[in-house]
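Mind the numbering: the sequence shown is residues 445 to 714 in this note's numbering, read in order.
Check each hint, because a few of them may be wrong.
Okay, derived cross-link-like pairs now, DSSO-like style, lysine-lysine, Cα gap no bigger than 27 Å in a straight line [stated by the list, open to error]:
| no. | residue 1 | residue 2 |
| --- | --- | --- |
| 1 | LYS501 | LYS451 |
| 2 | LYS687 | LYS627 |
| 3 | LYS523 | LYS661 |
| 4 | LYS579 | LYS686 |
| 5 | LYS661 | LYS451 |
| 6 | LYS686 | LYS451 |
| 7 | LYS555 | LYS523 |
| 8 | LYS501 | LYS547 |
| 9 | LYS579 | LYS687 |
| 10 | LYS572 | LYS661 |
| 11 | LYS686 | LYS572 |
Keep in mind that the hints were calculated from the coordinates and are not lab data. Keep in mind that this is a model prediction, so the values were computed, not measured.
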Amino acid sequence: MSYNLLKGKRGIIFGALDENSIAWKTAERVHAEGGTFVLTNAPIAMRMGQIDALAEKTGSEIIPADATSEEDLANLVEKATEILGGKLDFVLHSIGMSVNVRKGRKYTDEKYDFTAKGWDVSALSFHKVMQTLYKADAMNEWGSIVALTYMAAQRTFPDYNDMADNKAYLESVARSFGYFYGKEKKVRVNTISQSPTPTTAGQGVKGFDGFISYAEKMSPLGNATAQDCADYTVTLFSDLTKKVTMQNLFHDGGFSNTGVSQEVIEYFSK
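Modelling step: build the complete structure from the supplied sequences, incorporating the hints.
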């Protein structure tokens with residue numbers, strides 16, 4: 445069911461790789477709610493995914509951009525506002541990558557060149573995106589910028605590796621930039637701390653399937669799916685949340701506030 449929550453609104457969606465990705469589901473939901481947008485991803489990610497199919501389905505244009513490149517981002521923002529016919533109302537940052545995880549290096553044996561690359565892609569890129577938008581004055585008042593994060597920023601999940609540090613930095617950027625963007629431009633900045641979700645990136649984490657099962661047993665409402673996250677993101681893009689900013693919003697079925705569940709107690713009492 446659609447409510448025209450984003451009718452007339454324009455934006456940029458980063459990170460749609462394939463139909464399993466939250467960015468992909470969000471793009472479909474934004475389209476259903478009347479929003480228009482450009483899609484963007486790094487050229488290498490575009491070669492791996494099926495973004496062309498999403499663009500065709502939603503009537504969107506694709507602008508390749510490396511989110512770590514200030515030059516690429518400036519070009520993206522300039523072209524997006526031209527294509528969409530004005531300033532932007534929403535931006536989704538759905539980008540994350542750990543070279544250490546990909547290469548099988550443990551947190552206690554990081555290769556720091558890998559660490560720096562992962563931090564740049566996963567966390568500093570959020571600052572770069574917002575700084576580019578801010579300097580170009582590319583956002584409308586009461587616009588909304590959302591980044592996806594995970595609770596490993598607050599709690600330790602051993603195999604999440606250096607991505608935990610990246611997410612902690614990402615959330616700090618949201619609060620810090622959110623202050624200035626809110627004060628000076630009336631733009632909202634928030635992060636969504638999502639349940640473990642079987643996206644292409646998520647499945648690269650060791651023991652991921654087991655952890656999804658554990659989180660499902662721990663969460664009173666069960667894990668939030670990628671589609672659930674897309675629905676929630678749309679509410680943050682809409683005018684219904686105009687005074688929500690600088691927040692890290694847990695979207696995890698109650699996992700973040702559950703000490704232990706009856707299902708988990710019973711499992712370990714066998």
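Right, here's what the structure says about each hint:
Restraint check: the Cα-Cα separation between LYS501 and LYS451 comes to about 18 Å, which is no more than 27 Å; the hinted pair holds. Distance restraint check for LYS687 and LYS627: the Cα-Cα separation of roughly 12 Å lies within the 27 Å cut-off, and the hinted pair is therefore satisfied. Distance hint between LYS523 and LYS661 is unfulfilled; the C-alpha atoms sit about 45 Å from each other, more than 27 Å. Straight-line distance between C-alpha atoms of LYS579 and LYS686 comes to about 22 Å, which keeps the hinted pair within the 27 Å bound.
Simply put, LYS661 and LYS451 have alpha-carbon atoms about 38 Å apart, too far for the 27 Å limit, and the pair is violated. A threshold of 27 Å between alpha carbons decides the hint, and for LYS686 with LYS451 the separation of about 16 Å falls inside it, so the pair holds. Proximity of LYS555 to LYS523 is assessed by CA-CA distance (about 37 Å); at most 27 Å being required, the pair is judged violated. Our distance criterion of 27 Å between C-alpha atoms is broken by LYS501 and LYS547, whose separation comes to about 35 Å.
For a cut-off of 27 Å, the pair hint linking LYS579 to LYS687 stands: about 23 Å separates their Cα positions. Distance restraint check for LYS572 and LYS661: the Cα-Cα separation of roughly 38 Å exceeds the 27 Å cut-off, and the hinted pair is therefore not satisfied. A threshold of 27 Å between alpha carbons decides the hint, and for LYS686 with LYS572 the separation of about 23 Å falls inside it, so the pair holds.
The structure does not agree with the numbered hints 3, 5, 7, 8, 10 stated previously, though it agrees with the rest.
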